[in-house]
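Asker: Okay, here's what each chain looks like letter by letter:
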Amino acid sequence: MAPIISQGALGVEEFLRAYPGMGLRPIRDNRVELEGIFAFSAESDKHGRVTDKFELKIDIPNTFPKELPLVYELQGRIPREDRYHVNPTDHSLCLGSPLRLLTILAGVPTLTGFAARCLIPYLYAVSLKLDRGGEFAFGELPHGRRGEIVDYGDLLGLGTVNQVMKTISYLGMKKRRANKLPCPCQCGRRLGVCALNSRIRRLRQLAERAWFRQLLLDLSRIDSSKAGFHSAVRSGLRV
Amino acid sequence: MSGSLTDEILTELAQAIEIPDGAYEAADGRYQDLGGWLNDDSKSQSARYQPLVSPQGSFRLGTVTRLWKRDDYDLDVALNLQEGITTKSVTQYQLKQLVGTDLNLYRAERQIQEKLEEKHRCWRLKYQDQLQFHIDTVPCIPQAGDVKAIIQERIIQAGTGPLLAHDIASYAAAITDDRHVSYQRISDDWYTSNPEGYARWFESRMKMARGLLESRALQARVGHIEDLPAYRWRTPLQMAIQILKRHRDIMYERDLDRKPISIIITTLAAQAYRGAFELSATLEEILRNMQVDYVSPQILNPVDPRENFADRWNTPDGRRLQLKENFHAWLKQAQRDLGMLLSASDYGVLREHAQKRFGVFVKESAYGRPTANQSPAIHVIRDAPPKPWRR
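Read top to bottom, the protein sequences are chains F and L. Counting in our numbering, the first sequence runs from 18 upward without gaps. Counting in our numbering, the second sequence runs from 123 upward without gaps.
Since the hints were derived computationally from the structure, they do not count as laboratory data. Predicted, not measured: the structure shown is a model, and the values here were computed from it. All residues carry an ideal CB built from backbone N, CA and C; glycine is no exception. Check before you lean on any hint, since a few could be wrong.
[As the list claims (entries may be wrong)] FRET-style restraints, in silico, Cβ to Cβ:
1) L/Gln420 to F/Glu152: 56 to 62 Å
2) F/Arg219 to L/Val502: 23 to 29 Å
3) F/Asp46 to L/Arg322: 40 to 46 Å
4) L/Tyr313 to F/Arg230: 20 to 26 Å
5) F/Glu84 to L/Ile385: 34 to 40 Å
6) L/Arg307 to F/Thr106: 55 to 61 Å
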């Protein structure tokens, strides 16, 4: 067996070559932790080039890329506030909704892929915001489960909260059973023959059915009668 | 960056983690005072057994590093009762108590406040003054002749020359350990320890840089390098080990029980050394040759090849702490970090690296301006990046 730190799926070696300011931390519970100066340079058509560095800790679960790494900023340069999307409980950075990040990772399932497609866009936007103020460069989601629902509606091409919730409930079922049920997009056909099914199939590759069942449970806990809920999702989805 | 400049920076690094001037002398003073007192038969019971107090561990090898987030230096000394006691005449417990009684009297006479603390193999004496020391005294007696002969044979089989093997084996000592099944009974299977033999082996590795040591002896105006204590040899091997240990201390500052132990780092580095004179070349040699098989790790004690330092990795405790994985993680990181110091073309990166990974602030003025500016590769953000969100 190869050492855990050089296991191919993690791509730690490749990551550390690309970001030499980062280094390994002691191994605990089979988890790999990286810590150090993360220096990057990135550009986009609209906002130009940003070169910056942050002191980060990246905690990589041994199930990566099936599970997402947690990233922490250590120097306190990023204010630990809602408007910077820092988790209020453990201060991890909220780079995006879990399913969105898993979808991106499925295309580039390495740590360098995670850095390039998930981490750098966030740090790029934070760096701009710290420097110039204003909104996040590539937009941002509402906080909490509402933001998650908005993003999943976008990911699935669905227009209402009910459609998103129903689709997630189907993802928690066996494929054969879900395919026989009416399609959540309300096209009037069963899921098995609707175009939505191909998008659902891709999402099934990302996580187990139990993960989606838990997600549904979490999302169902939102008290949709709260006044804020409707206004928060109105921009992205109809209730 | 040129080789000589790299060496200058590495030497500055090594000097910054060297212990303060006079600390070795202070340690010498401490154990010599203890040795003198124990040899005074009007005060000590041990005096009739020809007690010999000698340093062991990093103070003996000259590889102590400046404290990193720790309270005090750990000075290990062997107290060898050279005559009149054998494993047939006393139990391990009796020897430990004999030494403990003397150390308590010594403590009272020197007005050391802290109580004597009993450890599995030693007695700990804590000094409360500006020197920040504690002395761990290991009671021992010379190992029996037949045991020494077996050890000598095994050292030769492991590849050491017969003369050195004989010299090493002659220092083998029998020690007490309160976890030994026969701790309170007469038995001839006391554990063996051989710190002085280990130091002799380590010196033989340092002597691979013969020309360098000859010039050191000349500078110090002594006939032979052996006339100087090892800490004054200041070889690139000692400095390289200090740098590696400091790197380990920083990487494991929050996980002390998972860190690779000093004896493993020292043994592997000394085995990997090929006699380079320059510190940069020494570190390159060590990092290139320092390897441990992942599947069946073997780090044999060079002075007692029956002992595999990696055996603990496979105990329940070692597996829980993932000692094997942690050793490999540390080695990889050390190789990467030192490789970066050795090849850095950006002075700013190098300074930052020296500070983060070795806890050393390298002075800017000494080396002028950066010779190049290494920028990270540019990422082009296209498509729709994820939108930040908060749970």
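Asker: Would you pick out the hints that fail for this structure and give their numbers low to high?
Answerer: 4
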